[in-house]
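Generate the whole structure from the sequences, applying the supplied hints.
Just so you know, the sequences run in chain order A and B.
When we follow our numbering, the leftmost residue of the first sequence carries the number 1, and every step to the right adds one.
When we follow our numbering, the leftmost residue of the second sequence carries the number 1001, and every step to the right adds one.
It should be emphasised that the hints constitute simulated quantities derived from the structure, not laboratory data.
Don't be surprised by glycine CBs; every beta carbon is placed ideally from N, CA and C.
Be aware that one or more of the hints could be misleading.
[What the hints assert, rightly or not] Straight-line alpha carbon distances no greater than 20 angstroms define the calculated DMTMM-like cross-link-like pairs of lysine to aspartate or glutamate that follow:
(1) A:Lys164 / B:Glu1188
(2) A:Lys164 / A:Glu149
(3) B:Lys1025 / B:Asp1144
(4) A:Lys143 / B:Glu1102
(5) B:Lys1373 / B:Glu1175
(6) A:Lys305 / A:Glu289
(7) B:Lys1265 / B:Glu1296
(8) A:Lys82 / B:Glu1329
(9) B:Lys1373 / B:Glu1178
(10) B:Lys1057 / B:Glu1141
(11) B:Lys1143 / A:Asp318
(12) A:Lys373 / A:Glu178
(13) B:Lys1143 / B:Asp1318
(14) B:Lys1082 / A:Glu329
(15) A:Lys25 / A:Glu178
(16) A:Lys143 / A:Asp318
(17) B:Lys1373 / B:Glu1163
(18) B:Lys1164 / A:Glu188
[To be verified] Quick list of simulated restraints, FRET-style, between CB atoms:
(19) B:Gly1302 / A:Ala15: 48 to 58 angstroms
(20) A:Ala15 / B:Leu1111: 49 to 59 angstroms
(21) A:Gly304 / B:Asp1204: 31 to 41 angstroms
(22) B:Leu1150 / A:Arg133: 19 to 29 angstroms
(23) A:Leu111 / B:Ile1259: 44 to 54 angstroms
(24) A:Arg56 / B:Cys1148: 36 to 46 angstroms
(25) A:Arg367 / B:Lys1373: 50 to 60 angstroms
(26) A:Arg24 / B:Leu1111: 48 to 58 angstroms
(27) A:Glu141 / B:Asp1144: 16 to 26 angstroms
[Said to hold, decoys possible] If you want the ones that stay clear, here's a sample from chain B, every Cβ over 10 angstroms from chain A, calculated:
(28) Pro1142
(29) Gly1336
(30) Arg1377
Protein chains: 2
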Amino acid sequence: MHNAPPIAELRSRLAAFREILQRRKLPAALITDERNVRYLSGFSGSESALLITPQRKFLLTDFRYMEEARRDLPGWAVVVEKLARPDAEGKEKELIPRALMEKAGHLARRLRLRHLVVEADDMRVLDMRALRRAARNTRVEPKDKLLCELRLVKSAWEVRQIEKALRIQEQCLLELFESLGEGLTEREAAARLRYLMVRAGADDQAFEPLFQVGSHSSLPHGRTTRRLLRADAIVLVDWGAKKAGYHSDLTRTFFLGTIPGRLRKIHDLVVEAQRRAINRIAPGVPFTEVDAAAREVIRKGGYGKAFGHSTGHGLGLDVHEPPALSAREKGEFLAGMVVAVEPGVYCPGLGGVRIEDDVLVTPHGHRVLSRLKRSLRWNAL
Amino acid sequence: MHNAPPIAELRSRLAAFREILQRRKLPAALITDERNVRYLSGFSGSESALLITPQRKFLLTDFRYMEEARRDLPGWAVVVEKLARPDAEGKEKELIPRALMEKAGHLARRLRLRHLVVEADDMRVLDMRALRRAARNTRVEPKDKLLCELRLVKSAWEVRQIEKALRIQEQCLLELFESLGEGLTEREAAARLRYLMVRAGADDQAFEPLFQVGSHSSLPHGRTTRRLLRADAIVLVDWGAKKAGYHSDLTRTFFLGTIPGRLRKIHDLVVEAQRRAINRIAPGVPFTEVDAAAREVIRKGGYGKAFGHSTGHGLGLDVHEPPALSAREKGEFLAGMVVAVEPGVYCPGLGGVRIEDDVLVTPHGHRVLSRLKRSLRWNAL
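What follows is the structure, given as structure tokens:
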């Protein structure tokens, strides 16, 4: 199977998930979140589902993935939904999930399940209705975050995928910069970066890159625009790659031309805040301490109010998953967690600076997985 | 507002939607589907919602889009969710919808709504729960396809957006072909096509293009692979562009080298089937007749069983929306509908041929909106 975890690892993930179900006295689970389906089975097709009981395991999918699923998932019973009215490309997003949930409901009935939990944070109201109707006497109960705990700590194989994604995104930003010049729009730079990353072997970009030029860099902003890259403008790039389903996530802020003194100072401050935050990362340390470490540096530098977001977040099959590195998050670091650390200072009218790197929690401390320099001059990265 | 419909058109869409609500005796609706939010308000930010009553209209959004919404949506009351714990990039997909639904629930309470309908085909079970809790005494009822009827018939402005998307995707395929050669993988060709379309002014690709080489072209297949383009191989490309939210969708099947006689005959057959199907399109004609017209040609040619999918589908803010051009779809064409017509013949081991074009239903017949030739030789397209 392309880009799938080793079979032994898949087995131990499934065993751990069954233990969680048993501990919570849940007899069976229907997994519909694409990332969770992939985590437990290695199967990466879209619009598929897993039905897991203490003894049995089923993959439910449609005609598009039938051959692939039967070939690549030994040990799983593959249930195929042959749509009565498929379209040519499998673009019918309404039909497939609902038909699949009917199939899942029939399966629950056939297995005589009394109780089935489903993912409340993934399933649509419509699909839930179809499932309940088809399952009849099975009690269908929505639950949040069924796999959250399991996915928090990464295996060596998972860390390697994140590292592969990092090498791709780092190399491709440098490659982009070679052809970077005035007259390129934010949108075009972002589109070119995506193309380079896919060509270099990424599944895709991890998310729509933020490519924010000039005073735009001060906004936590929803979209990339048609603004032109210009000399003497600050450029904030927040981008990532995806490899075997795993995400990497970096931010760099740099200048094409001369650097105003105030922004240089802010950049130094953000670099220092990030360094202090990263240095606190080790098993047993509360998440809040890392957030506080970054915040203290920025506050002392006089920009406390200009740092309005959390210091970071977990990374994995989601580009943004627990833990949050914020002042409110409960809990502490465990060896094997991977987090992005991304303090920032944003001054409306002037510009914003954010620096983001990805860090692995090791048994005795941490290791920074990203390698790209934090320089304010792009040609010194 | 960038790429938004004319204000008069937005007004008449909203008036028509309120009429539908009134006719169905529904006092208020919460619209969460991104495409429907855009359709009714022109607002294209993600994770936002509209609350619409007979007299009032609210846009609910978060801090990322605050300025944009207030500037671009005169007449709408903008309700902003300021997340207590935002992340730097707005990548927190769990938090935003739930927080927004709580906000919507509080608003429903404040407005003393007795009854509120929501979109069952969009809303997650989790968000529904948050909404119900916050709305308290308001009865929250999920409904399917609230805007389906309204979106079926396109305005002149909407047709123009689809035509713009078509010009982009046609021009970019030709551009891709100039640099096309052996040694390029399906994946890389697809990534390059996307880049070219964004550079040419598309919002994005309409969907992940299918770029299927050789015998792969015979599968209704879930993904593009690392197969190499080679001379003497058939290449099926199913691709589209998106402009101002509207999708275009074409398929061409062609050869880089010499063409085996049997595939040439199949190609002629599919072209003829498509021609007959398109010629039937006019107001008042049942959808089933168009499907039957294509199917009859292919059956008489001896390939009836090799055409296993429907003949086409509607196009608009979704790349795949009603009507389906299939043997089961009820109803008939109305002037203003836009449909993709895409018969195909798939022979395992040999290869598949599909041809797809986009067609507008006019008051007295139809007009084919796409212009790219249907040649089997790419350099004659």
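Task: Which numbered hints fail - done: Going through the list in order, the structure violates hints 2, 11, 15, 26, 28 and respects the others.
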